[in-house]
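K.L.:
Below, each chain spelled out in residue letters.
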Amino acid sequence: GQNIDQPTEMTATEGAIVQINCTYQTSGFNGLFWYQQHAGEAPTFLSYNVLDGLEEKGRFSSFLSRSKGYSYLLLKELQMKDSASYLCAVKGAGNNRKLIWGLGTSLAVNP
Amino acid sequence: EAQVTQNPRYLITVTGKKLTVTCSQNMNHEYMSWYRQDPGLGLRQIYYSMNVEVTDKGDVPEGYKVSRKEKRNFPLILESPSPNQTSLYFCASSPQRGAYNEQFFGPGTRLTVL
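Quick note, the sequences are listed as chains A and B, same order.
Counting in this note's numbering, the first sequence runs from 1 upward without gaps.
Counting in this note's numbering, the second sequence runs from 1 upward without gaps.
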C-alpha cells in the first residue's frame, strides 16, 4: 500500500530550529511537496524536492533521500506565525498529478 | 491577482437538499481537483480533471458529481447531501507544464449537513 508518516504534533520555542520528518512508501515517485496550513485556511506551497539533497528557501529548507524514502522540513529562526500544520505530499507514478498526502504535523511555537 | 475562488465559504444545509459548490481559477490551469479534509483523515481527493470535459474519480467520489465545461470552472455537486458529507472542502488547480506542478488551493468551503 501507499503510506506517508509524519509526527502528529511538535512544539518548539520562538527563535529556535525545528525539523519535521516525513517517511513515505509509494508505488512510484515523481517528487515530494511540503505545504503549510494554518488552522481553517487553505494549504500553501512551501517546497518541492525531486532529487536527493537539500533545497534552501529563506528560513525554510527541505531535504530528500529517495533511497530511504525520507524527507524533512527544517524551519529556522522560528516565529509565532509559523504555528501551523505542515503537510508532506508525494506525487506518485502516472500523469494524473495525484498527490498522496500525509496527515500533517501540527507545530506549536511558544514564546 | 492569480487565485482560486470558491463559493460559498460556509454552508449549513439539510439532508437531501441538492447543492453546488463553485470553484473558479484565473491562472489558465489545465488541472483541477476537489478535496475534502476531515480531522484524523487528512486531505482526500474526491474528483479531478486533467482538462476541459475530462474528469475522473479520486479516492472518495461516492455522493459527489463534478463537471468541467470550461477551463476556469470546476463545480462540485452534491445531489443528495448526507451528514457524513459534513467537511471542509478545498478546490485546487495546477498547470500542466512546469517543474513543480504545485497545486494552488482555494480558501475552502465549510459544509455542515444536518
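In short, the hints are calculated from the structure, not lab data.
Be aware that a few hints might be false.
[Stated by the list, open to error] Calculated lysine-lysine pairs in the DSS-like style (CA-CA distance at most 25 Å, straight line):
| hint | chain 1 | residue 1 | chain 2 | residue 2 |
| --- | --- | --- | --- | --- |
| 1 | B | Lys18 | A | Lys98 |
| 2 | B | Lys17 | A | Lys98 |
| 3 | B | Lys17 | B | Lys69 |
| 4 | A | Lys76 | A | Lys57 |
| 5 | A | Lys98 | A | Lys76 |
| 6 | B | Lys18 | B | Lys65 |
| 7 | B | Lys17 | B | Lys57 |
| 8 | A | Lys98 | B | Lys65 |
| 9 | B | Lys71 | B | Lys57 |
| 10 | A | Lys68 | B | Lys65 |
| 11 | A | Lys81 | A | Lys57 |
| 12 | B | Lys69 | B | Lys57 |
Quick caveat: nothing in here was measured; it's all calculated off a predicted structure.
K.L.:
Does each hint fit the structure? Answer for all of them.
P.N.:
Structure-based check of all given hints:
A distance of roughly 28 Å separates the Cα atoms of Lys18 (chain B) and Lys98 (chain A); the hinted pair therefore is violated under the 25 Å criterion. Between Lys17 (chain B) and Lys98 (chain A) the CA atoms are separated by roughly 31 Å; this puts the pair beyond 25 Å, and the hint is violated. Straight-line distance between C-alpha atoms of Lys17 (chain B) and Lys69 (chain B) comes to about 24 Å, which keeps the hinted pair within the 25 Å bound. Pair hint Lys76 (chain A) plus Lys57 (chain A) holds up; C-alpha atoms about 11 Å apart against a cutoff of 25 Å.
Restraint check for Lys98 (chain A) and Lys76 (chain A): the C-alpha separation of about 30 Å exceeds 25 Å, so the hint is violated. Distance check on the hinted pair: Lys18 (chain B) and Lys65 (chain B) sit about 11 Å apart at the alpha-carbon level, within 25 Å; holds. Distance check on the hinted pair: Lys17 (chain B) and Lys57 (chain B) sit about 23 Å apart at the alpha-carbon level, within 25 Å; holds. Note on Lys98 (chain A) and Lys65 (chain B): the hinted pairing holds, with a Cα-Cα distance of about 18 Å set against a maximum of 25 Å.
Between Lys71 (chain B) and Lys57 (chain B) the CA atoms are separated by roughly 18 Å; this keeps the pair inside 25 Å, and the hint holds. With a C-alpha separation of about 39 Å, the suggested pair Lys68 (chain A) and Lys65 (chain B) falls outside the 25 Å cut-off, and the hint is violated. Of the pairs offered as hints, the one joining Lys81 (chain A) and Lys57 (chain A) holds, with about 17 Å between alpha carbons and a cut-off of 25 Å not exceeded. For a cut-off of 25 Å, the pair hint linking Lys69 (chain B) to Lys57 (chain B) stands: about 17 Å separates their Cα positions.
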